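Peer 1: So you can see what is in the structure, the chains are spelled out below.
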Amino acid sequence: MSWLKNWTWPSRLRDRGIIGMNRRNIRYIGQYNDRRLYPLVDDKLQTKLLAQTHGVTTPALIGTVTTQFGVKHIGSMLEDCQGFVVKPAKGSGGKGILVIDKVSADGFFKPSGARLTLTDIERHVSNILSGLYSLGGSPDVAVVETLINFEDSLMAYTYEGVPDIRVIVFKGYPVMAMMRLSTAASDGKANLHQGAVGVGIDMASGHALRGVQFDRPCHRHPDTQHDLASLVVPQWDTLLNLAASCYEMTGLGYLGTDMVLDREDGPMLLELNARPGLAIQMTNGEGLRRRLDMVEHQPDGASPEERVAFSQHHFARQSELVEQPEPADA
Amino acid sequence: MSRLPFYLIVGFLLVIGIAMTAHRHLQFEIPWLPGEQRQVWEVEAMVTYNADDGPVAVDFALPSHQQGFRVLTENTASSGYGLAYQADEYGRRANWTIRDASGEQQLYYSAQLLVAPESQAGKQTPPELAATTPWERPYDTAANQVIERAWSRSANNATFARELILDINGEQQGENARLLLTQFDSTELIVRLLQQADVKARAVSGLVLKDGRRRQTLSSWLQVFSQDEKQWWLFNPATGERGKQDNLLLWEAGGQAVLEVEGGSDSRVTFSMLTHSQPAAAAVRNHLSDDTLLNFSIHSLPLEEQALFQTILLIPIGALVVVFLRVLVGVKTSGTFMPVLIALAFIQTTLITGLLGFLMVVAVGLVIRNYLSYLNLLLVARVSAVIITVIAIISIFSVIAYRMGLNAGLTITFFPMIILSWTIERMSILWEEEGPKEVLIQGGGSLMTAVIVYLAMNNPVVRHITFNFLGVQLILMALILLLGNYTGYRLLELRRFKPITDDESGV
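Each protein sequence line maps, in turn, to chains A and B. Under this note's numbering, residues 15 to 344 are what the first sequence spells out, in order. Under this note's numbering, residues 493 to 999 are what the second sequence spells out, in order.
Isolated chain B (complex conformation) (with noise of 0.2 angstroms):
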């Protein structure tokens, strides 16, 4: 009997469920463990105009994802103004609309911004070049005298917009630029310039993100196509220095403008900012959900039924332990995946009031079930008097927790009951035919189980990993399969069959 497609099975499990894993990791910067703390930013941007009293449209740019940073959550605030998203190779714009509005308008915007050193801007495509408009006389000259001169000094795009900006801004400036700035703005004249030479330029606005700013404005900078490399390069107008530095955030990135106003006047934008740490796994959930197959996640759902996910993903690590204790250990437990609904019932009540609990349920039920036997009742019916014994025990410990002002007594009332009815049964049974000692073994193996079980569920590590990688799922999956082919030894049985052994040196 070939074993071949178990094991193609099982090896394709594990590499989609590997791969699953690594692209939630790599591509939305979740992290491994729960612990790490995000660095968030919070802007808030507020658009202030005069309405002419009549239709206005309001049309901002927004920030996308990009080198450094990843937008998380985003809100508007502007009360009776009609709101829409766009988004087009350009970036992001948001469209407020309103048919009626006079006076000085205030619109808010505020993002969360996830510092994520690994991200990467989206795919990047060059531009055309913009149709170049003539120069007047005598800027003409002055132009090509300025791009002739960097031209010469330069040896490739980087080089000469570095040089081109050095001879507008910095120390080489020259008559011919001073002449070129009387009537342009300087990052407006630099792109142009560029252009003139075929070089793919435009200006973008960036936000320079320093903790508690308020009335921040954005500044202005340079963006230069690389042949090369086929991507953007960013340099400072007023420095010729290439790079972006790190609290850098591009607000906005297609040479568009950053804010038109139609309808209004005086329109401007100021921004404020503040950040804080938090912890991954809250940064994590903050992730704006494109709902994309790849991005399949919990956390596209109502917060009600993460919570309930949360624990169900819980359930197949209970189920690879036990597994694992029975096939690699050989550990007994009365019913197979009992520990398991008892260790969920442990995660509300916590272990030490949960096995105090337990211990008390099934020691009073085995003592009411023992008389039980002796009405000589059929099956169903005696389970079913247990439950409703069960019940009333879990009922009057609840009291009797509450009167003496114990509130972790309430939470026995998360035990399983027909679980716990039917451990009491076959307890009673076992007491019965094999004596005590064997209930103590499987009772304790079940216990056992159980804690453990309990301890791997409710390790944070464990939980987190659980939640956010669904690929983990398909790897235990894969690893559960790999026990159910085990044909070894039991750790026990290192013990059950050591006589064997003996007498060979013994005899």
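Isolated chain A (complex conformation) (with noise of 0.2 angstroms):
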């Protein structure tokens, strides 16, 4: 029965208190997130304005392109430009966002290294704009944001890419974190699953829990070599406040944000997602059946800061990962 070892029974995930798509769908977001309210996170130029008025941190807006006409202008737009994001508004999963962290004569580059023209960049803004990254389609707007300086203690996680910091807050508790760390497989991007590594967070101490890349166990960045375990995100709380204001913020229930910590501003919003992934189960190596279960039992009204220690206090754990040996060919 070899074919078998790579499955396991629902009785075991459910004793993991693992949570499949079908209830995500139907028990938490189709049950808490109110569909009229998708439009706030969905739009992440909405989202933007709507963090601004909350006095939530997110990176600067350079400008939109809103028009094919306003196409040409980008060009203008980046002049003073030393490293930029262009992102559709309405993109999903990721989809369409261009980082450029550095501009010379040559041209725009690609944090591999890659040389894009000014063409290039038109026309990836007009792709945006006539709603090809975009959800259904629809025509869209494109969105170009400040690159974020990002924090130098993560540097050495990371490979091109920001790192940023996945929280899901359910009911406006943060009930469980995690970092994802682009690598060389992922383009530079931190989605998990084109290879990016997923690390989870101990909710209580910004700790590294336990690291995972393609679905399985990794103590090391795969390009940097660099040990997870030492890994600390920096001013764990007040990241973790910012995540849990999200709630008032949007009235969404579950709700995954997604933060960067920034050199001189710290964390940083990034952008809200109605539908948050599964993967931050894995990477945590827990379900989140139990969190979430102790969430809804708590009675509504409590503050931000309220609900962070009571996310601190009860979802504390301990690392998994233990200091590894500098590896003799390194």
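There is no bait here: all hints are sound.
Cβ-to-Cβ under 7 angstroms is the rule here; a few derived chain B residues that face chain A:
no., residue
1, L870
2, L871
3, E925
4, Y981
5, R982
6, L986
7, R987
8, T993
Hints listed in this document are in silico derivations from the structure and should not be mistaken for laboratory results. Just so it is clear, the structure is predicted and the values come from calculations on it, not from any experiment. C-beta atoms are modelled at their ideal positions from N, C-alpha and C, and glycine is treated no differently.
Put the complex together from the two separate chains, hints included.
Peer 2: Below you can see the structure in the form of structure tokens.
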């Protein structure tokens, strides 16, 4: 029965509190996320403006392109920028996000070193406007933001891209968190299914719990070879408070918040997701079910600080990672 | 949040669906499986008479649904005659009328009768007792003696009738009976004697069905009404045996005349018949459509619309398969119901041709789409260009296939071109963003789903059931609603989340 060794029993998943897609869709997204609030998070421009009114820090907006006519002016908009990100306002799953971290006379450079011309960027923006990356192919708006100067202490854990931190916020309580480290395999993108490393983060301290790449445990970053056990997210409490306050901001009960750490500005909200994925369970080595059940029994009306304190108290975990000796060949 | 209304709706749909399906099966004899053969009798009646140079009205009894038989279709051939069908409590009749006819006339009536052992006659009402006409001497004494003799040897209506038949026609025939028979026809006599004893009885006409017989005539049968069982018993007037043979078709079962001709003479009717087996589905199609609400059936539509509905009614099956594969298994497809549309195309093209055609069109389309992406076009324009490309590919393939003598290649035109174009567009974007592996996963998933949907929709049993039992649609609806309520794991998640369960034993 060797072909069965990659499969497990439903009862074992249930024992570990793992949530499947169907349960997530019906029980959490369907029940706690009001459909009419979706545009707030599906449209990144709206999220950004909303965050600004609620005093939630986000990357600075360079400008937006709303018409094909405006595509021609993208060059002048980008004139003084050293690094920027072009993203579709209604994109999903990281589609259509173009990161340029170096601009020189030769052109624009992606973190991978690939060179793009202004025409390439214009084509990308034009594609965004015509709805290529948006949900349902509807016409879209291109948002240009400043590139985040990400925290030096985390530099060693990532290859090319910006490491972002995903916190699942349920009814305002941060319930689970992970950090996504881009790798060579993921082309600088922080998408786990493309090969980024996911690191489960302890809710209490911000320490790494366990690392996963392609759903398999890993202890080191595959490109930088840096030990994941020493990873600690700085300003963890601030970050959790920022995540928890997104509940008041949007009103969505089951929310995925994507944060980044900026060198100067600290934790920043990058985007929100009303349908956060389930891979976070893999990176934490634990199902969401028990934590969600616990939060469901909490009374409404707690302040963000109280909610964060609750989560830090109840969802504290011990790291599975032990300090690894430096590999002999490194 | 109470789920009670949800389960009520599902339960309601299930009950109605199953009830409708069972009703179709029981009431209309529609079998569960398409392969079942049903025996069908073709009976042709030829009415001949000599017309008296003037207006003629012919009144002819017709068979109805009855125990053992069900009338499927009926036709008449009678050029120049006006025709009307009538039905009353005594049975159905055909009325032929003509203003002016002379010489020998022939009228034809033919019916297809399905042998249906479970079929029952309609509601049976007891007739009024006919007013007894007084006997002339000396027949009154003879009649009374016959009745008394049979009465004393019987216990109820049935045994009384049997004894009476035996006394008149059988071995016990006495001189009273012989005397009466000099004046009266035997069946007529028995009916009259029964009625005199306050037993409701009538003479009916039946046709004994034997394959390939011609110039057959009707025979007389005796029906006695059972007061206890509230139904008619059939007796053979020659032997006194009770019950109906399987091959006896009651042509006229109301105690009326079989044939009445006004304005003609020398009228008679002869029958020819043959039997054949036909697939049950065809027998179903020939059912006379009684347009009641419960018999709401696609079969009352013209043939062309029926063929259309045969396909439309299969789509819920495809939807169910897709829901099953996505919710319970977790297969990724490109476009939710694209596989159903591809499967519908496969039904036209056959599977292998369809698969080859689909792969060729998508492969060539992807190559051309790849070039289009360098042209920096707006989305709508690009997809439109892909549509035209797809049409061009399909045309070229069709022409090449035709030149090479492969007629199967021509069926490629059945593919939904807009859907193919969107598939190519999506696959192309997927390729650029996620790489060829994801294209293979989603494309393979879509194709696999399409093949499974095709196999389900092309299954003769599935086609038969969806087409003939509309109640199944409600059952499908209930199943899909139930699947939409499923919060358990998908099959593929058992593999995806496997690593989490590993370290429990590993560490």
